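Colleague: Sequence:
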Amino acid sequence: MLKASLSINQLWLFTAMVTSFCFAAYDADDTLKLNAAIDYRYDDNVFLLPNSSSNSITREYGQRGDSSIVASVGGRIDVPLSRQVLYVAANAARQQYLKFDELNYTSWNGQLGWKWQVGSQFSGDLNARASYSMNSFEDVRNGIIDMINDNSASWNGNWLFSSNWALLANIGYDEQTHSDLKYQDARVVNYGLGVRFNTDKGSVISLIHQWQDYSYLRNLFLPADKRGYHEQNTRLSLLWPVTANLNLTANAGLSSWKSKADTASTESKPQGDIGFNWQITDKTKVSAGVGQNFEQFNDGAGRNLERTAYFSSGWAMTEKLSWLFNFNYRQQERESTLGINGRKQNYNTTRLSAAYRPIRSVYLSILISNI
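Mind the numbering: the sequence shown is residues -24 to -1, 1 to 347 in mature numbering (1 follows the signal peptide of the UniProt record, and there is no 0), read in order.
Hints may contain errors.
Each pair of labels, with its calculated beta carbon distance range [claimed, not checked]:
id: 1; residue 1: 121; residue 2: 258; range: 41 to 51 angstroms
id: 2; residue 1: 95; residue 2: 294; range: 39 to 49 angstroms
id: 3; residue 1: 10; residue 2: 198; range: 46 to 56 angstroms
id: 4; residue 1: 194; residue 2: 82; range: 19 to 29 angstroms
id: 5; residue 1: 88; residue 2: 198; range: 30 to 40 angstroms
id: 6; residue 1: 121; residue 2: 214; range: 35 to 45 angstroms
id: 7; residue 1: 175; residue 2: 95; range: 18 to 28 angstroms
In short, the hints are calculated from the structure, not lab data. Every value quoted in this text rests on a predicted model; they were computed, and no experiment measured them. Yeah, the Cβ is synthetic: ideal placement off N, Cα and C, and Gly gets one too.
Turn these sequences into a full structure, and let the hints guide you.
Modeller: Here it is as structure tokens:
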């Protein structure tokens, strides 16, 4: 169900069935890993439109739902060189709608990286990523086909200066450009410093401070250099293996950010989340969590604060047949440095799926989804 502060009363998305064929021609420790899949999907509200609403495409075809077939291929190569590991990964997918053929598109992503290590104290990862995909219909419901190019690079390093303590550092760059909604084109530069403590019983505690500069690339009412913001975020994280079968994770922090158009006003907002994973028996597991965090990219009219909660339960009925139940709650609220809360929307998603794996490299799945 979707609720908005103005006109949206209810939204239903029913994915009637997803039938998947998947082939994975590798073992986990192989240098070369290949995969391929074909999925059939049916959505009865492709554009996530409110009840009694339509757009140019749904009016043209006289329906809100459609079936689609998604075919994908991909692979990964890991090349160990002494204590270093170089890796390359890529994936391409084609989504083909049976009726809404103007939505047909091909997406892809690729990654090149280096897991580095110097001596026994210094290690980390350096990678570059690129992707091309369609914008979510949660953001674009009017039938616009908006494709996103996302290019990013990041580096992180760890200095293990004692058996339990390590210093952490990271730096990253991410840029998104849009084919249609060009006013959303933006880039993010961030860097951080922190410390990590590993207890003798397996818990991990880390404290990190992150700086971020968010810049828009195009003018919209305001000049591009006034549309972005600066942010500082301090976060404390905990991973606690309570027992061999129960893990608890928690993050708590405070974000302080200011608009480049209004440098005199600073908005502070707590962020964080808590969750657990519990393997109750060899065949049954559950996980749950709740949290509040800012969405990274948005349309520039403020920032999207997302409050989420989830519950998931899995049951391996047999060695070949398994079931999964999942419930997700998501609330999105627009905020500004003036302390004004804008649009608010709620999404409740319930999914039940069954997966059958006759042999290791092939599986069939059925998914029923209600939003």
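Colleague: Of the hints given before, which are not true for this structure?
Modeller: Hint check: nothing fails, all pass.
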